[in-house]
Amino acid sequence: MKDSKRDIIAWSLYDWANSAFATTVMAAFFPIFFSSYWAAGAESSVTTFYLGTANSVASICVAAMAPVLGAIADSGSYRKRFLIFFAFLGSVMSGALCFVSMGAWPLAIVFYIAATIGFSGANSFYDSLLTVVASEKKVDFVSSLGYSLGYIGGGLLFLINVLMYLMPQRFGLPDAVTAVRVSFLMVGIWWFVFSLPIFIFVKEDRKSGEVSFGRAARQGFSDIARTLKDIGKLRTTGLFLLAYWCYIDGVDTIIRMATDYGTALGFPAESLIVALLITQFVAFPSAIAYNSIGKKIGVKKAILFAIGAYAAIAVVGFFMTKVIHFYILAVVIGLFQGGIQALSRSYYTRFIPQEHATQFYGFFNMLGKFAAIVGPFLVGIVTLITGQQRYGIVSLILLFGLGFVLLFNVDEQKAAKELEEFSKHEPA
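In the working numbering, the protein residues as written are 17 to 444.
Any given hint could be a false lead.
Under the rule of at most 27 Å between Cα atoms (straight-line distance), these lysine-lysine pairs were calculated in the DSSO-like manner [to be verified]:
#1 K18 x K338
#2 K21 x K249
#3 K440 x K21
#4 K430 x K154
#5 K154 x K96
#6 K316 x K430
#7 K21 x K311
#8 K18 x K219
#9 K154 x K338
#10 K21 x K245
#11 K312 x K219
#12 K317 x K249
#13 K312 x K18
#14 K21 x K96
#15 K96 x K153
#16 K440 x K249
#17 K21 x K153
#18 K96 x K219
Note that these hints are calculated values from the structure, not bench results. Remember, it's a predicted structure, so these values are computed and weren't measured experimentally.
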């Protein structure tokens with residue numbers, strides 16, 4: 017039943033669960049540990065290239081799978097089963113990083129790619145369940161609630177992990193290296209345990225005459241061409257997806273590469289970790305507050321404002337020289353990060369036919385992850401060519417600028433007419 021408090025909380029807690037990976041692993045300890053432990057001795061520009069390539073490879077895999085799996089899920093009501101599979105894959109691979117020994121950077125990359133595939137793959141099906149638990153009236157609030165809980169949940173575990181890293185003996189650990197390795201294991205356990213509410217309580221819409229997985233797979237592949245045609249008919253939907261593809265690339269790249277960038281500038285690991293904590297706890301109330309801003313000025317204007325702020329972050333990042341600058345940027349990122357993600361996810365519901373929600377969210381996530389192929393690789397290759405991480409980070413303003421222009425031209429009223437016309441011609 018839509019707007020059930022139990023289902024909304026259960027759904028939102030998955031953000032609490034998987035955000036531990038986004039913070040402790042993806043944003044913080046993996047980049048630091050990769051350069052200082054698994055790939056110790058390599059040049060910083062080379063480790064940046066390795067890390068960017070790893071993120072890009074994971075994104076390619078998710079981009080290739082997302083629309084196909086989404087179509088299969090819509091054909092046979094398999095979205096929860098796929099969510100469970102990918103969440104389990106991500107949590108297990110996160111924990112497995114605990115057991116990778118020093119110097120074994122290829123194995124660390126493999127586990128990281130697998131965990132990232134689990135993280136991103138599960139998000140496609142998690143996002144598509146938003147339309148199951150929330151009505152159109154509450155969808156913006158519920159989406160923002162999920163991101164808000166994600167920031168506070170991921171931040172709490174990250175805070176514990178940071179204290180372990182800074183004071184390992186207080187936790188019965190011999191050194192900081194062991195603390196980081198144990199943190200990877202804790203992320204895997206945290207992710208799985210807090211995923212249980214959505215597994216248990218959120219009930220997927222069951223289709224009448226549900227087909228077998230094999231038949232659903234065949235139907236899913238055939239639906240890909242149809243979905244592409246549908247997007248061709250829903251021109252405003254296609255325009256929004258293209259805009260999202262551009263601007264979310266910059267957002268995801270900053271999330272994934274900020275710590276590596278700070279490391280390359282010579283900032284202490286402790287300072288980078290503190291900055292990430294600042295971002296988490298600023299983002300917690302900001303994700304909810306930004307929903308209110310969206311109501312006052314309009315969701316589209318709120319997203320455009322956030323894109324502009326991110327472009328400014330990329331420019332300021334180019335000139336950054338002191339740790340205090342990194343702290344200030346951490347605050348600014350926290351103010352807009354949750355808002356732009358949550359409002360983009362809920363705004364998209366205005367442009368898609370609800371009966372094909374998973375397929376369209378598959379493309380939504382595919383474009384987001386496909387864009388994340390370009391961003392990290394762009395930063396990595398520009399850094400490798402120039403030997404300067406600064407040029408890599410400032411190049412992101414091109415993506416933010418293009419995303420801003422495209423989104424500015426998205427017309428909600430035109431989209432509503434296109435959806436109405438589309439529904440009339442859909443087979444009963």
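Structure-based check of each hint:
no.: 1; hint: K18 x K338; in the structure: 49 Å, violated
no.: 2; hint: K21 x K249; in the structure: 36 Å, violated
no.: 3; hint: K440 x K21; in the structure: 34 Å, violated
no.: 4; hint: K430 x K154; in the structure: 23 Å, holds
no.: 5; hint: K154 x K96; in the structure: 22 Å, holds
no.: 6; hint: K316 x K430; in the structure: 14 Å, holds
no.: 7; hint: K21 x K311; in the structure: 22 Å, holds
no.: 8; hint: K18 x K219; in the structure: 10 Å, holds
no.: 9; hint: K154 x K338; in the structure: 42 Å, violated
no.: 10; hint: K21 x K245; in the structure: 37 Å, violated
no.: 11; hint: K312 x K219; in the structure: 33 Å, violated
no.: 12; hint: K317 x K249; in the structure: 25 Å, holds
no.: 13; hint: K312 x K18; in the structure: 25 Å, holds
no.: 14; hint: K21 x K96; in the structure: 19 Å, holds
no.: 15; hint: K96 x K153; in the structure: 24 Å, holds
no.: 16; hint: K440 x K249; in the structure: 13 Å, holds
no.: 17; hint: K21 x K153; in the structure: 14 Å, holds
no.: 18; hint: K96 x K219; in the structure: 8 Å, holds
Checked against the numbered hints above, the structure violates hints 1, 2, 3, 9, 10, 11; every other hint is satisfied.
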